[in-house]
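Chains A and B are the protein sequences, given in the same order.
Heads up: the first sequence at position 113 corresponds to 113 in our numbering, and the numbers run straight through without jumps.
Heads up: the second sequence at position 31 corresponds to 31 in our numbering, and the numbers run straight through without jumps.
Rather than coming from a laboratory, the hints here were simulated on the basis of the structure.
Predicted model, so just to flag it, every value in this text is computed and none were measured.
Careful: at least some of the hints might be erroneous.
[Stated by the list, open to error] Listed next, the in silico DSS-like pairs over lysine-lysine satisfying Cα-Cα at most 27 Å (straight line): (1) B/K156 - A/K46; (2) A/K89 - A/K102; (3) B/K156 - A/K38; (4) A/K89 - B/K67.
[Said to hold, decoys possible] So the derived label-pair ranges between C-beta atoms look like this: (5) B/A62 - A/Q64: 47 to 57 Å; (6) A/V33 - B/G29: 27 to 37 Å; (7) B/V63 - A/L80: 39 to 49 Å; (8) A/L80 - B/A62: 24 to 34 Å; (9) B/I229 - A/V33: 40 to 50 Å; (10) B/S74 - A/Y39: 12 to 22 Å; (11) B/S74 - A/L80: 20 to 30 Å; (12) A/I19 - B/F237: 25 to 35 Å; (13) A/R51 - B/G29: 33 to 43 Å; (14) B/V135 - A/G58: 15 to 25 Å; (15) B/P91 - A/G58: 24 to 34 Å; (16) B/F186 - A/F34: 37 to 47 Å.
Every residue gets a Cβ at the ideal spot worked out from N, C-alpha and C, and that includes glycine.
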Amino acid sequence: MSSVQYLAAEGPQPLGVPIGELIISIIAFAVLVFVLAKYVWPMFEKAYAARTEAIEGGIKKAEQAQNEAKAALEQYNQQLAGAREEAAKIREDARAQAQAIKDDMLASAKAEADRIAAAGQAQLESQRAQIVAELRGDLGRTSVDLASKVVGESLEDDALKRRTVERFLADLEH
Amino acid sequence: MISAPSVPAYRAAFEPPDVTHSFFPDPIGNGTVISSVKAMVLLVLGVVLIIAFFMAASRRAAVQPSKIQFAGESVYGFVRNGVAIEILGGPNGRKWAGFLCTLFVFIFVMNFWELVPLAQLPVTSHFAVPAFLAVLVWLIYNIVGIRKHGFFGYLKLQTYIPGVPWPMHILLIPIEFLSNIVLRPFTLAVRLFANMFAGHMLVVVAAAGTVYLFTDWRANSIFFVLPFIASIGLVFFELMICGLQAYVFTLLAAIYLEGSLADSH
């Protein structure tokens, strides 16, 4: 068919709009728009939303975990600092206690020494007194004996004897 | 054709494929109601296949998508994010994403019939289809604009360019009116129709040339390789055109909608 024949022919034209084709196109496209808008696109939007939520939920969860970890670290650090402080305190206490014990011991040792020294002193004093007393008695008797032998004077009289001894002792002490 | 001048008597001259045979092979009657039953069957079949595919893809809208759901979501996401939200912005983009994606998929499948073996007829090369789509887009963007801005507000938005010396408006307002209100449906429809019509014609001519030369059984039969290679290349070229024209149509529809929804010129 030549182009002249074609143009002359009664038949479909490339730029013609056959009414049946137009109607079928409209119906088919309307059905497509309706079905996809009702059943397909909302489902896809729902899947997108669910996915976005899942991702955002994951981010939130991770953030929460991070915050928890941070809080735990802070708490741990606090505890560590507390423990350090406590250790320092214990050390300080121990040192103070040791000092106190040392002081106590020193004091009690000194007291003991003083006590021993005082006891020695007292004993010495009493022994001296005893010796002096003994010596005084002996000396008196001996002196009287000696004197009576020398003087021949009876000193039997107690009062006289005591007086004589005392005079003698007084002379002796001078 | 190379062999045309020396065609022997027993061999008919190469007859280029004609429009009637290529596009309207089986009209009902004289073709004023249905110019090709095949095209209409493909149209309906295409719609059925699109619905079947997307119903299967969205049956379980899972957070972790299956392969088919991923495929469906990719197509929707491409138009939703790449065209609708990109051009119309967030809220309007989400609102119009479904329609624009339907438009894109419909045009692409109707184009793609050109390359499907046995079908090999782009439904969009029947002018009724792109004409209907273009008029639909024209109606939608005008109605949306009039509802948002009022009739005169919309006309002013589409035709009045602010910041121009006033005498220029004598020239500009008719031009803007013509290009924004009158010519858009024609350019939309003719662009899609002409691309698919011409593309199909190209492939048919190359294929017919291949067959004619291959069955010539003479020395110059060897030249069949030239249209053969061309037809293979043209099929890939047409594959690109199918996608590109669907994308361009959808993109322009979104841009026209954006023009109607805009607050100022």
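Against the structure, the hints come out as follows:
Of the pairs offered as hints, the one joining B/K156 and A/K46 is violated, with about 39 Å between alpha carbons and a cut-off of 27 Å exceeded. Between A/K89 and A/K102 the alpha-carbon distance is near 20 Å, which keeps this suggested pair within the 27 Å criterion. Using a Cα cut-off of 27 Å, the hinted pair B/K156 and A/K38 is violated, with the two alpha carbons roughly 36 Å apart. Taken as a hint, the A/K89 and B/K67 pair is broken in the structure, with Cα atoms around 68 Å apart against an allowance of 27 Å.
Restraint check, B/A62 to A/Q64: a C-beta distance of roughly 26 Å breaks the suggested window 47 to 57 Å. At roughly 30 Å, the beta-carbon separation of A/V33 and B/G29 lies within the given 27 to 37 Å, and the hint holds. A beta carbon spacing of about 43 Å between B/V63 and A/L80 agrees with the range 39 to 49 Å that was offered as a hint. Separated by about 48 Å at the C-beta atoms, A/L80 and B/A62 break the suggested range of 24 to 34 Å.
Checking the proposed 40 to 50 Å range against B/I229 and A/V33 shows it holds: the Cβ atoms sit about 41 Å from each other. The given range of 12 to 22 Å is respected by B/S74 and A/Y39, whose C-beta atoms sit roughly 18 Å from each other. Taken as a hint, the range 20 to 30 Å is violated for the pair B/S74 and A/L80, whose Cβ atoms sit roughly 54 Å apart. Between A/I19 and B/F237, the C-beta spacing of about 33 Å keeps the proposed range 25 to 35 Å intact.
A hinted range of 33 to 43 Å for the beta carbons of A/R51 and B/G29 is inconsistent with their spacing of about 53 Å. Separation of B/V135 from A/G58 is about 47 Å and departs from the stated range, judged on CB atoms against 15 to 25 Å. For B/P91 and A/G58, the hinted distance range of 24 to 34 Å is satisfied, since their beta carbons lie about 26 Å from each other. The supplied range of 37 to 47 Å is broken by B/F186 and A/F34, whose beta-carbon atoms lie about 28 Å from each other.
Of the numbered hints listed earlier, those contradicted by the structure are 1, 3, 4, 5, 8, 11, 13, 14, 16.
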